[in-house]
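From first to last, the protein sequence lines stand for chains A and B.
Residues 1 to 517 in our numbering are what the first sequence spells out, letter by letter.
Residues 1 to 322 in our numbering are what the second sequence spells out, letter by letter.
Bear in mind the hints are in silico, worked out from the structure with no lab data behind them.
Glycine is no exception: its CB is placed at the ideal position from the N, C-alpha and C atoms.
Any given hint might turn out to be false.
What the hints assert, rightly or not - Partial pick of chain A residues on the chain B-facing surface, computed with a CB cut under 7 Å:
# : residue
1 : 88
2 : 90
3 : 106
4 : 363
5 : 364
6 : 408
7 : 410
What the hints assert, rightly or not - Computed footprint of chain B on chain A, listed as stretches where at least three residues anywhere in the stretch have a Cβ under 8 Å from a Cβ of chain B:
# : segment
8 : 107 to 116
9 : 459 to 468
To be verified - Here are some chain B residues pointing at chain A (derived, C-beta under 7 Å):
#  : residue
10 : 154
11 : 156
12 : 196
13 : 203
14 : 207
15 : 208
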Amino acid sequence: MPGAARADDGTATQVRGGEPAVLMSGIRKSFGGVPVLRGVDFDLARGEVHALAGGNGAGKSTLMKVLQGVHPADEGTIAVDGRRVEISSIHDARAAGIGMVFQEFSLVPSLTVAQNIFLGAEPLRRSRLIDDRAAVAAAGAVLEEMGVDVDPRAVVGDLSTAYRQLTEIAKALAQDARVLIMDEPTASLARQESEALFALIRRLAARGIAVVYISHRMEEVYRIADRITVLRDGTRLLTRPLSEITPEQIVEGIVGKALDGQPVHRQVDGAGLGAVLLQAHAVHAPPKVRDVSFTLHAGEVIGLAGLMGSGRSELARALFGIDEVTSGEISVRGRRADLSSPRKAIAAGLALIPEDRREQGLVLEHSVADNLLLPVLGELRRGPLLHARRARERSADLIRRFAVKVADPARPVSLLSGGNQQKVVLAKWMGTDPDVLILDEPTAGIDIGTKNEIVTMIRTLAAAGKGVIVISSEYPELLAVSDRVLIIRDGTIAGEYSREQIADEEFLELAVQGATS
Amino acid sequence: MSTTAVRRATATDAVRHRLDWRRYVIYIGFVVVFAFFAVLLRDEGFLSPNNLLNIFRQTATITVIAVGMTFVIACAQIDLSVGSVAGLASVCAAMAIAQHGVVVGVLAGLLVGAVIGALNGALVSLLGIPSFLVTLGMLGVAAGLAQWITASAPQPILDDTFNLVFGGGDVGPVPGLLVWSLLFVAAGSIVLRRTRFGRQVLATGGNRTAARFTGVSTRRITFTVMLLSGLVASVAGMLYAGRLESGRFQWGAGDELSAIAAVILGGTSLFGGAGSVVGTLTGALLIGLINNGLILAGLDSSQQQVVRGVIIILAVALARKK
Numbered sequence: 001m002p003g004a005a006r007a008d009d010g011t012a013t014q015v016r017g018g019e020p021a022v023l024m025s026g027i028r029k030s031f032g033g034v035p036v037l038r039g040v041d042f043d044l045a046r047g048e049v050h051a052l053a054g055g056n057g058a059g060k061s062t063l064m065k066v067l068q069g070v071h072p073a074d075e076g077t078i079a080v081d082g083r084r085v086e087i088s089s090i091h092d093a094r095a096a097g098i099g100m101v102f103q104e105f106s107l108v109p110s111l112t113v114a115q116n117i118f119l120g121a122e123p124l125r126r127s128r129l130i131d132d133r134a135a136v137a138a139a140g141a142v143l144e145e146m147g148v149d150v151d152p153r154a155v156v157g158d159l160s161t162a163y164r165q166l167t168e169i170a171k172a173l174a175q176d177a178r179v180l181i182m183d184e185p186t187a188s189l190a191r192q193e194s195e196a197l198f199a200l201i202r203r204l205a206a207r208g209i210a211v212v213y214i215s216h217r218m219e220e221v222y223r224i225a226d227r228i229t230v231l232r233d234g235t236r237l238l239t240r241p242l243s244e245i246t247p248e249q250i251v252e253g254i255v256g257k258a259l260d261g262q263p264v265h266r267q268v269d270g271a272g273l274g275a276v277l278l279q280a281h282a283v284h285a286p287p288k289v290r291d292v293s294f295t296l297h298a299g300e301v302i303g304l305a306g307l308m309g310s311g312r313s314e315l316a317r318a319l320f321g322i323d324e325v326t327s328g329e330i331s332v333r334g335r336r337a338d339l340s341s342p343r344k345a346i347a348a349g350l351a352l353i354p355e356d357r358r359e360q361g362l363v364l365e366h367s368v369a370d371n372l373l374l375p376v377l378g379e380l381r382r383g384p385l386l387h388a389r390r391a392r393e394r395s396a397d398l399i400r401r402f403a404v405k406v407a408d409p410a411r412p413v414s415l416l417s418g419g420n421q422q423k424v425v426l427a428k429w430m431g432t433d434p435d436v437l438i439l440d441e442p443t444a445g446i447d448i449g450t451k452n453e454i455v456t457m458i459r460t461l462a463a464a465g466k467g468v469i470v471i472s473s474e475y476p477e478l479l480a481v482s483d484r485v486l487i488i489r490d491g492t493i494a495g496e497y498s499r500e501q502i503a504d505e506e507f508l509e510l511a512v513q514g515a516t517s
Numbered sequence: 001m002s003t004t005a006v007r008r009a010t011a012t013d014a015v016r017h018r019l020d021w022r023r024y025v026i027y028i029g030f031v032v033v034f035a036f037f038a039v040l041l042r043d044e045g046f047l048s049p050n051n052l053l054n055i056f057r058q059t060a061t062i063t064v065i066a067v068g069m070t071f072v073i074a075c076a077q078i079d080l081s082v083g084s085v086a087g088l089a090s091v092c093a094a095m096a097i098a099q100h101g102v103v104v105g106v107l108a109g110l111l112v113g114a115v116i117g118a119l120n121g122a123l124v125s126l127l128g129i130p131s132f133l134v135t136l137g138m139l140g141v142a143a144g145l146a147q148w149i150t151a152s153a154p155q156p157i158l159d160d161t162f163n164l165v166f167g168g169g170d171v172g173p174v175p176g177l178l179v180w181s182l183l184f185v186a187a188g189s190i191v192l193r194r195t196r197f198g199r200q201v202l203a204t205g206g207n208r209t210a211a212r213f214t215g216v217s218t219r220r221i222t223f224t225v226m227l228l229s230g231l232v233a234s235v236a237g238m239l240y241a242g243r244l245e246s247g248r249f250q251w252g253a254g255d256e257l258s259a260i261a262a263v264i265l266g267g268t269s270l271f272g273g274a275g276s277v278v279g280t281l282t283g284a285l286l287i288g289l290i291n292n293g294l295i296l297a298g299l300d301s302s303q304q305q306v307v308r309g310v311i312i313i314l315a316v317a318l319a320r321k322k
């Protein structure tokens, strides 16, 4: 059963047989008396790419943290290559050959690639001083073996996300990891970068390295993984080769009920398009955005599709007054509008929900209620003070409308799951009652159940007469939500398709790559 | 395979090391200020060897403290207690010398620094109290203790060996204080740049989570850095004592701010993760240079403070990215 043949890649030779690379049995873990893992079994074969799926709170990240030694298990055993090991610290996990690829998590931005790769394991001279030259050479060798062109002496802070990710992998490999855990590795990668990563994962698997692959993107899981394990409520629901399971079955397993595997496009009810809300004419915003013109109507959702770095996010930033628009005209409701600062953009009825909700969208340590009310504090004043009761009512109303799952609005927003945090961001901005809503990657890193909720929410907002612009790298969701898709390439609109013109994701993919125009 | 990698790395060397003048602003600033005073104060004897050595003498204790502070700040911590630790170490050393001789005296001074540094480190790394608060409190504790045990009286040091070694003496034509500061700078620079400990300090300061997930014991690193800072400050205290042949609670008062200014001027990031001990030396010398020049120029101490403050803000503003 382990190492089932991959459908689309017959060349990868599987290192089979013998003991599993990792065997976790009966893992239990509780936090403050609340059980998160209730006796989970998990096995990982050598040379296998094993997808791990589950909704938020299903326990997949806790299970991996047990394996990484971040949280030692309360009960249960772990065997690596057939040998029972005690993993009670990160050190133990490293010694056992468990490598982790966090999303930029374990890199120090101020150090170089080579310094990061060998952090804590620097090659030393006889004098006990660090041999930087040897470190650079060895790092170069690892990167070369991976087929990655990164200068080992580049400072990590100067690298793009994709290269940081690759540096993470190099770091794990340099420490002789035989098991790699990748958590949403493609979350912030462009299409070609993801392709390169997949190719790399295949090569690593062919060398006998076992990979745990955590992703919410079903299409990726089918492309890269051999088997999948689905967790739900802290128990293992199933482990099966992907050739023997349908996406619908996986989604059903994750959310615990049958629903459409992917978000489905639902036509807006009612009168269709309303008045023109936002019009951009020949907008230039150096260095990325050039000569962009489009019109957004009330009740309409426009999807922006493009590769990472194509200028999608920059266009959003320019519209919202973060980046300077050097020429061109933007009008709101038919009147020329001054959107030269976020403050003016908000006053004109725009709202931007940024790409990185943790960094740009929320004050993580503040309570859910405080975050929700931040943009509308002005309305809740009574004299110089805040009107406490109205504030309470307002936040309770937003929490209800946007179905945020939170026990107590006074708890910090950092305690919520990713999907719920995103709902808070949405609710926060809808509290200002904007006419035009711009969402940058609204469903990145969110489980499928919440993804569907957010898609539905966006459609509902459009039906209520808002104009919405959605930027997304995930084509199924983009197709589900958009009435019209603009293809952004090199900072300008390279194509425009109505939803009906787009047959499927493949068509969109080709359009984005520039193959159809 | 590794040989090709080396070739590739060296081939791109020239491209990558593009000059960023901001990184060198402290050195540029040093040269500019030096040239400015050299021309302006030609007749006041600014360039005389004696005056130049004086600058070194006057900045030696700050330099020593600032070397420790470089590690602290690179680790994304702060140590406000160093000045009063220096004062306390000076009086403890002086009192112990009077009672038990020079060896016990030196050990007593070092012990003071080690104990306070360890306390700071334990409170910061084990209890997780911000170092700003811990060391702000410790500043008061150490300063108060030094004044209390001496009843505010200076403690003369009559031991010539001590006074000679710690500050008074010369090595050939070179003042002993200069030797001390260069010793600390050299050691600090090597430790920060070329040892695992130094690398782990930078990693802890640059991204604590990342460092921890990489297996760096960030608590141990933080503790050690705070301990070292206290220890180094106690050496500075004894340098005061040796140079001025007495221990006094006032020695070192306010030095924490000069040391922090020197470190930041030297290009160490206030947010941790990057640091340069040689930069710190230059920063300390620049401050010494400014002090010396302003005195020679006949400004009184109130005017000096204003000019010094403006120059520091200016230098940091120029060095900042973007």
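Going down the list of hints, with the structure as the test:
Interface restraint check for residue 88 of chain A: the shortest CB-CB distance to chain B comes to about 13 Å, outside 7 Å, so the restraint is violated. Interface hint at residue 90 of chain A: satisfied, since its Cβ lies 5 Å from the closest Cβ of chain B, which is below the 7 Å cut-off. Evaluation of the residue 106 of chain A hint against chain B yields a held restraint, the C-beta minimum of about 4 Å falling below 7 Å. A distance limit of 7 Å between C-beta atoms decides the matter here; for residue 363 of chain A the minimum to chain B is near 19 Å, and the interface restraint is violated.
Interface hint at residue 364 of chain A: violated, since its Cβ lies 14 Å from the closest Cβ of chain B, which is beyond the 7 Å cut-off. A cut of 7 Å between beta carbons decides the hint on residue 408 of chain A: the least distance to chain B is about 25 Å, and the hint is violated. For residue 410 of chain A, the suggested interface contact is broken, since its CB lies about 23 Å from the closest CB of chain B, more than 7 Å. Given as covered by chain B, the segment 107 to 116 of chain A passes the check, having 6 residues with a CB less than 8 Å from a CB of that chain where 3 are the minimum.
Proximity of the segment 459 to 468 of chain A to chain B, defined as three or more residues with a beta carbon under 8 Å from a beta carbon of that chain, is not established by the 0 residues found. Hint status for residue 154 of chain B relative to chain A: violated, with the closest Cβ pair at about 43 Å, above 7 Å. The beta carbon of residue 156 of chain B comes no nearer than 42 Å to any beta carbon in chain A, farther than 7 Å, and the hint placing it at the interface is violated. Using the Cβ-Cβ criterion of 7 Å, the hint placing residue 196 of chain B at the interface with chain A is satisfied: the shortest such distance is roughly 6 Å.
Hint status for residue 203 of chain B: holds, given a least beta-carbon distance of 5 Å to chain A, under 7 Å. Checking residue 207 of chain B against chain A by beta carbon gives a least distance of about 5 Å; that is within 7 Å, so the hint holds. Taking 7 Å as the C-beta contact cut-off toward chain A, the hint placing residue 208 of chain B at the interface is violated, the least distance being around 9 Å.
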